[in-house]
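Using the sequences provided together with the hints, build the complete structure.
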Amino acid sequence: MAEDTAYDNVTSVEARRAAEALIVDVDGFEGPLDLLLTLSRTQKVDLRRVSVLQLSEQYLAFIETARDLRIELAADYLVMAAWLAFLKSRLLLPPDPAEEGPSGEELAAHLAFQLERLQAMREMAARLMGRDQKGRDFFVRGVPETMARLRRVTYSATLLDLMQAYARIRTRDEFRPFVMDRDRILTLEQALDRMRPLIGFAGDWTDLSSYLPDGWTDDPGLRRSATAATFAASLQLAKEGALELRQSELYAPIQLRRRPRDD
Amino acid sequence: MTDAANPERPLFDAPPMAEQERMVEAILFASADPVGVAELNARMPHGADAAEALVHLRRRYAGRGVEVVRVGDAWAFRTAPDLGFLMQKETVETRKLSRAAIETLAIVAYHQPVTRAEIEEIRGVSVSRGTVDQLLELEWIKFGRRRMTPGRPVTYVVTEEFLDHFGLENARDLPGLKELRAAGLLESRPQMGPMAAGEAEPDDDDAVPDTDQGEMFE
Amino acid sequence: MTDAANPERPLFDAPPMAEQERMVEAILFASADPVGVAELNARMPHGADAAEALVHLRRRYAGRGVEVVRVGDAWAFRTAPDLGFLMQKETVETRKLSRAAIETLAIVAYHQPVTRAEIEEIRGVSVSRGTVDQLLELEWIKFGRRRMTPGRPVTYVVTEEFLDHFGLENARDLPGLKELRAAGLLESRPQMGPMAAGEAEPDDDDAVPDTDQGEMFE
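Chains as they are written, first to last, in the numbering used here: chain A, 1 to 263; chain B, 264 to 481; chain C, 482 to 699.
Check the hints yourself; a few may be wrong.
[Said to hold, decoys possible] Straight-line distance between alpha carbons at most 16 Å, and here's what the computed EDC-like set of lysine to aspartate or glutamate pairs gives:
id	chain 1	residue 1	chain 2	residue 2
1	B	Lys405	B	Glu424
2	B	Lys405	B	Asp427
3	C	Lys623	C	Glu642
4	C	Lys570	B	Glu302
5	C	Lys570	A	Asp137
6	A	Lys88	A	Glu72
7	A	Lys88	A	Glu57
8	B	Lys405	B	Glu423
9	C	Lys570	B	Asp427
10	C	Lys577	C	Asp614
11	C	Lys659	A	Glu123
12	B	Lys359	A	Asp161
13	C	Lys577	C	Glu618
14	A	Lys44	A	Glu116
15	A	Lys88	A	Glu105
[As the list claims (entries may be wrong)] In silico contact screen, one side only, chain B against chain A (beta carbon under 10 Å); selected entries:
id	residue
16	Leu291
17	Phe292
18	Ser294
19	Ala295
20	Asp296
21	Pro297
22	Met307
23	Arg358
24	Lys359
25	Ser361
26	Arg362
27	Thr367
28	Ala369
29	Tyr373
30	Arg386
31	Glu442
No lab work stands behind these hints, which were simulated from the structure alone.
These numbers come from a predicted model, not from an experiment.
Glycine included, each C-beta is placed from N, C-alpha and C at the ideal position.
Encoded structure:
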């Protein structure tokens, strides 16, 4: 602790005791203004008539004592000390007409005002806390009845909301690039459905392209889809053991035929 | 202090009855639970007669907005029964229909009769039970005939109440997508493949049942 | 509202004043928190005049064990302060406020709306966050409007709960307020002219539109 080192350097018991008192005091004050207010009470006059010069000297003496006792003071106490030293010089010296800013008297008056205002607020705080208080001096209803709140909710929607919602859903479809239009796609299922009854007639090797449904051969897009689906379907049927596939060379037409019965 | 010498008189005089009545009044008011006569006497100054003060207090409050009532062995203030209606407050709150609800409603309106599975397919997300229930409760949709497909799913159709609310003569009056677009309700279309853009249109015409809705899914 | 002078009679007559008084009595009795005149009127039947009923009710309860008190623009029943000694059981143990908190509260009450910098300037020390938080938590102070100065600092004002807690009708009733103002001790806030004192409570003046009503009871 910082205070401990301060104690160690103080030799006499009396000085130590004084130091202790001072520490307690400094701790007990809520800042320099509070300290000043306390010091001003020693003047035993109305705060409006307090001698700021005398107060400054009291404060500076206090700070000096604290320093002698090597008590660590918070920075704001030292700032106030510096300011009061300045104020004191202003008050003692005759005013310099070339000097800018408020006069020593004005500064002193403002300080006196601040002290008076702080004092007034303290008195008001005390008066406030001295008033009758709820839950201590007067009381509220012990069994407040909870008011039943019947909340009726009505929902609103306009025709415009409705149409916008529908428009939103329908246009959202256009944003789904991976969902392709069904009517331009021959699905594997469709191809299988188509091929299953047909392969019964294919006793001999037949070109895969001849299995494409009518109307799917002219448009390149349609033919591509139909070819892919039919090929996939034929692979599926081959796997099931229903037909055989062959291709003479790379890129040559794929041929298929019904798998001969084992009998 | 007072006549301590007098052996008949208690050490301290009980407060006047009017004062005792005030005390009972304050205690009953502030207490969370009904208070019995014994407790009243215990809390009041020595010599007070809570039972008698209660008689006065009850008389004073007879016919007032609050009354002193007996609850078992204890006493309490209660609101006069005829004023109970003041203790409830009805607030009417108007809320916007949720996005899910309005979309579901729109689909029912444009595609009716429509099953829940179909609604989900069109919206691309599942439809919560709460959403459908809310629309049913608002009486904007109702159950239609069951679909004659496996599982015989129930269908939804819009109601008279719906037409009324939206100022429509019948659901066929709903504008189609082309009209919506012309009215500026559709934002400019995204630039997709050349095919996608061109094909949205025929799909729309399927979807908008301005010819004969009923047959669409049947 | 429904003055007889009005040739056009309302569709439904308001209940008789004695009945309105009962209603206000019941509503105020039922609530632990003060109830505003507007809410009273809203809860009472159409055409009722809660403000007038309150005048009667207040008179009826003058000097009783419970009293009708005014809190800002609202009203409540409270036990008479002289009977507090009967209520040890109901007494709520309040957290002890620090000196800093009490002084800060007083400064907000007397200087409102006031910024934190101004509180610090008056106290001569910085105000810890905890102090302000404690007062906010007690709902004795709240944020007011921002000051139209650089940095737009937030201001603090006292609440209705503060008035209720300390048994004040409104912030103008603070003890010693007039004397402080006369002594100029509420002034000297930055960039404030001689109007400063008058501006101490613009919130009240805005928020309490029924100054007439206030005078009614004075």
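- Message: So, against the hints stated earlier in the document, which numbers end up violated here?
- Response: 6, 9 and 22
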